[in-house]
Each structure stands twice: as C-alpha cells, then as structure tokens.
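Enquirer: Since the structure of chain E is provided, determine the placement of chain U on it from the hints.
Protein sequence lines correspond, in order, to chains E and U.
All residue numbers for the first sequence refer to our numbering, where the first residue is 1 and numbers rise by one.
All residue numbers for the second sequence refer to our numbering, where the first residue is 1 and numbers rise by one.
Where hints are given, some of them may not hold.
Since the list can't tell identical chains apart, any single copy or any two copies may satisfy a pair.
[As the list claims (entries may be wrong)] Okay, derived cross-link-like pairs now, SDA-like style, lysine to any residue, Cα gap no bigger than 20 Å in a straight line:
| # | residue 1 | residue 2 |
| --- | --- | --- |
| 1 | Lys296 | Ile60 |
| 2 | Lys284 | Glu171 |
| 3 | Lys29 | Val193 |
| 4 | Lys59 | Asn42 |
| 5 | Lys291 | Thr174 |
| 6 | Lys58 | Asp231 |
| 7 | Lys284 | Pro172 |
| 8 | Lys150 | Asp315 |
| 9 | Lys291 | Asp77 |
| 10 | Lys291 | Cys177 |
| 11 | Lys150 | Asp78 |
| 12 | Lys291 | His180 |
| 13 | Lys299 | Ile60 |
| 14 | Lys280 | Cys177 |
| 15 | Lys150 | Cys129 |
| 16 | Lys53 | Ser2 |
Treat the hints as calculated values from the structure; they're not laboratory data.
Everything numeric in this text was worked out from a predicted model, so none of it was measured.
Protein chains: 2
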Amino acid sequence: MSQYCFGIDVGGTTVKIGLFSSEGTVLEKWEIPTRKENDGSNIIPDVANAVLKKMEEKKIEKDAVIGVGIGVPGAVDDAGVVHRAVNLGWDVIDIHHELGNLLQMPVKAANDANVAALGEMWRGGGEGCLNMVLATIGTGVGGGIIVDGKMITGATGAGGEIGHIHLVDDEPDTCGCGNHGCLEQYASATGIVRIAKRKLAATQSDSSLRKDLENGTLSAKAVFDAVKAGDTVACEIAEEFGSYLGKGLAAIAGVVNPEVFVLGGGVSKAGEILCTYVSKYYQKYVFHASKEAQFKLAKLGNDAGIYGAAKLILD
Amino acid sequence: MSQYCFGIDVGGTTVKIGLFSSEGTVLEKWEIPTRKENDGSNIIPDVANAVLKKMEEKKIEKDAVIGVGIGVPGAVDDAGVVHRAVNLGWDVIDIHHELGNLLQMPVKAANDANVAALGEMWRGGGEGCLNMVLATIGTGVGGGIIVDGKMITGATGAGGEIGHIHLVDDEPDTCGCGNHGCLEQYASATGIVRIAKRKLAATQSDSSLRKDLENGTLSAKAVFDAVKAGDTVACEIAEEFGSYLGKGLAAIAGVVNPEVFVLGGGVSKAGEILCTYVSKYYQKYVFHASKEAQFKLAKLGNDAGIYGAAKLILD
Chain E
1 MSQYCFGIDV GGTTVKIGLF SSEGTVLEKW EIPTRKENDG SNIIPDVANA
51 VLKKMEEKKI EKDAVIGVGI GVPGAVDDAG VVHRAVNLGW DVIDIHHELG
101 NLLQMPVKAA NDANVAALGE MWRGGGEGCL NMVLATIGTG VGGGIIVDGK
151 MITGATGAGG EIGHIHLVDD EPDTCGCGNH GCLEQYASAT GIVRIAKRKL
201 AATQSDSSLR KDLENGTLSA KAVFDAVKAG DTVACEIAEE FGSYLGKGLA
251 AIAGVVNPEV FVLGGGVSKA GEILCTYVSK YYQKYVFHAS KEAQFKLAKL
301 GNDAGIYGAA KLILD
Chain U
1 MSQYCFGIDV GGTTVKIGLF SSEGTVLEKW EIPTRKENDG SNIIPDVANA
51 VLKKMEEKKI EKDAVIGVGI GVPGAVDDAG VVHRAVNLGW DVIDIHHELG
101 NLLQMPVKAA NDANVAALGE MWRGGGEGCL NMVLATIGTG VGGGIIVDGK
151 MITGATGAGG EIGHIHLVDD EPDTCGCGNH GCLEQYASAT GIVRIAKRKL
201 AATQSDSSLR KDLENGTLSA KAVFDAVKAG DTVACEIAEE FGSYLGKGLA
251 AIAGVVNPEV FVLGGGVSKA GEILCTYVSK YYQKYVFHAS KEAQFKLAKL
301 GNDAGIYGAA KLILD
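With the rest of the complex left out, here is chain E:
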C-alpha cells in the first residue's frame, strides 16, 4: 500500500500545503488563505479540512497517511505548543492536540524558520549534509540550525534567531528588536539599503544607484544589479554587506561548525555573487577548523517550509 504524508507551512497570508509520498516526492501542492480574524481560530480547522478534502479527492485512506508536519511563525516547544504567533493572532495553542484531534493522525509542529532549514537540508541547498546553517536574508535575517540532521529549537524556541547577534557597538539606529548593532541591521535587504544610503552620502563617486535613490527605487536588488554591471560604489556596498554577514556566520561556525551555509530569502536571488562576497569575509574571520564550510544558495524558495514539514513527520 502506498504511504503518504502532508507538509504544511502556515504563513501570515496563505497556508501552503503539500501532499508527499513516503519517499519524499511532492505529489501535489496548493494554498489556502490564512484566516486571521477571531484570533486566528479558523486556521487549524481550515488546515484540517484541506487535508481531509484532499484525502477524499485522492481516495487516500487514513491508515495510509503517516502524519502531518506543520511549520508555524512562532516559538513551538517539543510538545507542539505554540507560544504566541503574533502574525496569526495566536496566543498559546496546542497544535499537536488541536490538529491531531480534528485529523486523528500524528501531528508534528515546529517553528517555520527551523522547518525551512530542515527542508533545505533534505531536498535543497544543503542536500547530503547533516550539519547545516540556513541564513534567510529577506526584509530581516532569520535562520535555522541543523545539527546531525535535527533542528535546534532551543530552550525557549529561539534557536537559530541569528538576525539579532550583536555586531556593532556604536550603531545609532535601533533594530526592530530594540537593540543596536544587530546582524539584521546590515545583512538584510533593509540593511543593504541602509548601507547604500550611508555610502552614497559619504562619497562623491558616480554611481547608477544615485538615480535609484532619487526615484525611490533603491533596493538590495538594485545594489546587486549594479554590482553585476561593474558599479564601483555598489561593489563597496556589497563588500560591507559581505563583511557583516561573513563575520556573523563565522561566529555561528564557532558554535556549531557546520558543513554548509545555505543562503536563502529574497536577497539570495542575486545569485552566486552573494556567496562570493560572504565567503570572502567568512574566511577572514572564522577559526581555521571551520574554513572548509561551503556556501550554497537555497533551492526550494517558498517550498522549503512544506518540504521541511514533511521531513519533520517522516523522521
């Protein structure tokens, strides 16, 4: 008899769902809206209905389903209890119990960033590695740490919250977390724009980015496009970004000594050039025993969460 599982990634706007074979092939994937009204009380029933409907449609019996893995944007403890998922309106929700009751199947829940890291280890940029760090470089900097093939959750679910590692003592701007000088203030899409604005104000050099600044189109993408076109100021901005992220990832290597760093998030669309800038400074700052770590781009994009959630239940 064929065996199946579901991998589910609950986001602030949509819930992504994947039906997987027990070998880990995605057979079908789709989305449903995330209904956040009434403290998000519809989300779990909506997920259960979506799963049950698909099973009916595909004529999949309950005993052919190994279980349901689910990633949510909040701290999740090992018992599957979410402690405040503000983007969903949730306070404290016992997912294993609530979703398990509705489905009468095994459920395994975890934090979405950690689940995405598990997905990238399994079928993405870290495939073949059991010790991996995913750095997600988007509006902010997130992360997920995989050691011996398992996610690091941490004591309060904050394992892999690498964006708030302190890097700079005299940063005047305040980070979203309230501190000053966090990695995220330099190594995110927002951080790159901040570095670019400072650099453009401090130099007289010509740069295509001045037009972007005037037009309000200055972005991380614009910076890396200009880097590829050979713009000198843009290259200096990329060097500075690389030095911060390289330094942050070198500190992480001093803790978990991974085989591979996988770079994901919107900024990773810049391509291999991102790895070049980051690994250059990583090599400068890292302890020699961790110099061999590789830098790779994430491969699964928005599907990392459903893959990781499936892996969570298959493990």
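Expert: Frame of chain E, contents of chain U only:
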C-alpha cells in the same frame, strides 16, 4: 548483578580515570601519567591496562562493564577517530578500534572539552538542563555546547570552539590561532591580564594592581581579588572583561538559545562575582527571547571530564 562503566579523561600530563556505577556514582578515581614519548603510542595500552587491573582488583567481570567513555584533547569524529591530538603526539588514531580491541568492550570517544560540558550538564553546574553552554575560562577560552542532552561535535570536530569567535576589528595583537580580535584575547586569564596592563597604562588612578604589575604577579586572580577589595581600576577591568564575554555568549545564544551558561576553568574560581559581571553585559546584548538564560559556576572542576566520559557510554 551490579553494572559498571569507566570514564576516562586523557590530558597532556595525566590520564584521569573514574570507575562508575551504572547509576552514575563515582566509586573510585585515580590518575596515571600520560606517556607522550614515541608519538604517544603507549597511552592507549596504558589506559587499557589501568582499566583491566582495576577490574581484577575489584573482581569485576567483563560482562558487568557497560563500556568505557574517553575524552581526548583533539577533534574526534563520530566513529571515534582522533584527527591530530598534538598535545599527545597523536596523528590519526582510531580509538574505538584500538582501545576496543585491547579491552574487548564498547568504547566511546569524544573531544575533551565537549565531554567536560556533558559532565557539567549531568552532574555539575548544568544539572537538570538539557540545553547548556559550558565556557571554560582558563589560559584560553574553550567551550562545549549541549543541545537536547547531546554534545555538538560539528562537521570537523570544532563544535564549541567558542574562544575564536571574532569580536574586535582593530585588535593589533595576534591571537594564538593567527587571527585578530578573538574572544579568547579578552575573556581568558591571559586576556584579563592584557586588559589590566592596558588599563593601568592608560590611567593615573591608584590601584593595588600596580604593585602586582611591578612584582610580576599580575594575574586574573589578582584582578578579581582586587575587585572584591573594592579597587576601582580592577572593577573597570572586570567590566571590560564582562562586556567581551557577555557579548560572545549573547552571540552563542542567538544560535542555540540555551537554558544555562556554565562558567568553568581557572578564572571561575573567582566565584559568583564572575557571573554578575558577565550576565550584566549578556543582558545588554542578547536577543530578548534568550534573556532568561541562567549563569552558573561549574561544579566538577577537574572531574568534569571523567563524569562526561562516563555519561558518554551510559547514553
């Protein structure tokens, strides 16, 4: 029938050995010299003889011994192969095979710093916690990371090498590792003396440490003794030390989010005051989700290694 195990800690001068009950009580502990001549080729046979002799003396049958755990000062992979233990004269040695052959018992080997962390988690400062970071503050800064009750070894055995996390960009002095600005350059016994010398040269203030500097007795212990006596300059030195170590441990929390930091090594003999200085700056730099982490002193001293080695084989 009673069950036993051995916990062994191979150091550069002596090998510490503990005979444990299967419940984890140390029944007897003793030391043998570490014979480093001939590329350390006697060390493994000496260890085997010591174990067999003790079994004979105590009339312990082979099938009453669960196994032998052993910590060594070098990178050890999961198969028990040591890759260069320079302090022992070893190049590549398969401990599981060599010691296992001599004893005809299960053997489990790991890096000594990681094993010490396991010991402190099991019976020391981290007792009752499964997520712990041991920071060993001696001549250098070492460490061991425990996640869900297991050591983090890392891809090349450099998990927990926290002493070489980069902290300062413009440090002129070179660290033992060849880099500049490593945590160890500020947060070790040697680092405290370095900070003290700089501080004494930069200020005119009176301090009992000036006499120590003249007499060649300036040490981390002298600094913390002066702190306890209310010496203002010594307090400034301790603040600076605390800021570096607090910042380094906050970065580590951004990766593994531990329940507790255990401070060990020679400098930890300063007592609770050490935790006070370090946690003050940890709180300043750490991401809010990790603010609850506790700071405790190591309890097992030089016995951490034999306890951790016993736990290694009991797990």
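Enquirer: Could you work out which earlier hints the structure fails to respect and list their numbers in ascending sequence?
Expert: Structure breaks hints 1, 3, 4, 6, 13.
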